[in-house]
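Top line first, the protein sequences correspond to chains A and B. What the first sequence shows, in our numbering, is residues 1 to 203, in sequence order. What the second sequence shows, in our numbering, is residues 1 to 203, in sequence order.
Some hints could be false.
The list cannot tell twin chains apart, which means a pair is met if one copy fits it or any two copies do.
Below, in silico cross-link-like pairs of lysine-lysine (BS3-like), each with a Cα-Cα straight-line distance of 27 Å or less [claimed, not checked]: (1) K170 x K8; (2) K170 x K48; (3) K107 x K170; (4) K107 x K48; (5) K8 x K107; (6) K107 x K62; (7) K8 x K62.
It should be emphasised that the hints constitute simulated quantities derived from the structure, not laboratory data.
2 protein chains.
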Amino acid sequence: MPRESAAKIYEVATRLFGDQSYPATSMRDISQAVGILPGSLYSHISGKEALLFSIVESGVTKYLEAVAPVAESPEPADVRLRAAIAAHVTVVAENIQLTLVAFHQWKYLEDANRRRVIDMRNAYEDMFTRIVQDGIDTGVFTTTHDARFSVLAVLGMLNWVPEWFSPNGKASTEEVAEALADVVLSGLMSPVPAAKGRKPRSR
Amino acid sequence: MPRESAAKIYEVATRLFGDQSYPATSMRDISQAVGILPGSLYSHISGKEALLFSIVESGVTKYLEAVAPVAESPEPADVRLRAAIAAHVTVVAENIQLTLVAFHQWKYLEDANRRRVIDMRNAYEDMFTRIVQDGIDTGVFTTTHDARFSVLAVLGMLNWVPEWFSPNGKASTEEVAEALADVVLSGLMSPVPAAKGRKPRSR
């Protein structure tokens, strides 16, 4: 059953890379956990580096494919940003372990593969940057800061989700996405105007 | 020079745990990089686990000590949240490598130490929760969502900072802190009221 074996190898490697880190996981660990001889791994994959790259690429691709149509839609920027956040959270909810490997273990890739992942990550960041910049240009967003800070704030918020979100927990994927989008779009104080320089008020 | 050696061991271990992960770093790697015999490490530390715990504890403690006075101040919640974000970003800027180890490698600690770190992390999250909840209770924050989501949004944003911030880059620590605080407090659209359910407007 070669195809099933390949799927099993990816599944086991994703778990081991996530649980014990890529550098600490040997091909022997993977073959033992899959239940095949070490040599049999190589009929499916060329090596540990190629395995990590495939896993990271498949993870990041899920995010790119989910957010690309949203980023390119003709909706106003706030609607698009809300939809992009929802698309991201939906991918997290369905791929927590894959996401943790794709977002943290890619750093252990060697130069060429590392560069390819950085390009994919930059393409993902660019989708959010275009939405935010478009929102600023059209006056939908009133932030006075460079778009980059808002994008990094949003991506940080999103990249943290796999650390705390449980698809079986109290909050649904939709609720989480809505709450996070509201923080970014409306802020905690909206519709009260920004409070910079205001004197502390008595409570 | 026993005290200098201890400092050097912590510095080298922090770099190696960050660069190649804790599980993949051996005591031999550390002693080689420090330039002492493996046996000499044990006159300073009891083992690799104790070394990681010390590093993580010292990292998380910096954050707790920086934000605690802010969290307990009598200022209104928005002023306190802004100050807490600034305090956090200041600690990041001065401790990027330590922060990456403290926030990512702690997961490899064994049960008792892991539990102690989780308690410290929860205490840190609680400081932000008290600020946000107080903001909601006093009407300073108008968010309709559970305080937890706002806190997790803020912490995600903050935990992502060491991934992109360079203390030698164009933006100062103060600018970064201000921009992030503005995203959370005012949102991208403020002072425009929240846009939920609004029809897309033409541009």
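Evaluation of the provided hints:
no. : hint        : result
1   : K170 x K8   : neither (31 Å within a copy, 46 Å between copies)
2   : K170 x K48  : neither (38 Å within a copy, 38 Å between copies)
3   : K107 x K170 : between (33 Å within a copy, 24 Å between copies)
4   : K107 x K48  : both (14 Å within a copy, 23 Å between copies)
5   : K8 x K107   : both (24 Å within a copy, 25 Å between copies)
6   : K107 x K62  : both (19 Å within a copy, 26 Å between copies)
7   : K8 x K62    : within (19 Å within a copy, 42 Å between copies)
Violation of the numbered hints given earlier is confined to hints 1 and 2; the remaining hints are satisfied by the structure.
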